Amino acid sequence: MALSQILLEVLACPLDKGPLLYSEEESFLYNPRLKRKYGIVDDIPVLLVEESEVVDDREHERLLSLFHQ
Numbered sequence: 002m003a004l005s006q007i008l009l010e011v012l013a014c015p016l017d018k019g020p021l022l023y024s025e026e027e028s029f030l031y032n033p034r035l036k037r038k039y040g041i042v043d044d045i046p047v048l049l050v051e052e053s054e055v056v057d058d059r060e061h062e063r064l065l066s067l068f069h070q
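Each residue of the sequence shown is one higher than the one before, counting from 2 in our numbering.
Think of the hints as simulated: they come from the structure by calculation, not from any bench. Predicted, not measured: the structure shown is a model, and the values here were computed from it. Among the clues, some could well be false.
[Claimed, not checked] Here are the computed lysine to any residue pairs in the SDA-like style, where the Cα-Cα straight-line distance is at most 20 Å:
| # | residue 1 | residue 2 |
| --- | --- | --- |
| 1 | K18 | V50 |
| 2 | K36 | E54 |
| 3 | K36 | P46 |
| 4 | K18 | K36 |
| 5 | K36 | I7 |
| 6 | K18 | D43 |
| 7 | K18 | M2 |
| 8 | K36 | M2 |
| 9 | K36 | S5 |
| 10 | K36 | V47 |
| 11 | K18 | G40 |
Construct the entire structure; sequences and hints are all you get.
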């Protein structure tokens, strides 16, 4: 199930309070400014910093390519 557009409009990164990119296909939210990836478990975004993943430059480029197709 996809996250609703209304929910996506109010979700923000807990660190910099900025907007997040959403990948429905891979089920995650991404903050490209901090290279931080947040998982979605059972259709619930997990916006806990300690459970997020900081990605390396190569993965960052791959993720950005998902959103610029």
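Right, here's what the structure says about each hint:
1. K18 - V50: 12 Å, holds
2. K36 - E54: Between K36 and E54 the Cα gap is close to 8 Å, so the pair holds against 20 Å.
3. K36 - P46: 17 Å, holds
4. K18 - K36: 14 Å, holds
5. K36 - I7: 24 Å, violated
6. K18 - D43: 23 Å, violated
7. K18 - M2: Between K18 and M2 the Cα gap is close to 25 Å, so the pair fails against 20 Å, i.e. violated.
8. K36 - M2: Not OK: K36 and M2 at ~25 Å, beyond 20 Å, violated.
9. K36 - S5: Violated, at roughly 23 Å.
10. K36 - V47: 16 Å, holds
11. K18 - G40: 17 Å, holds
When held up to the earlier numbered hints, the structure conflicts with 5, 6, 7, 8 and 9 and fits the remainder.
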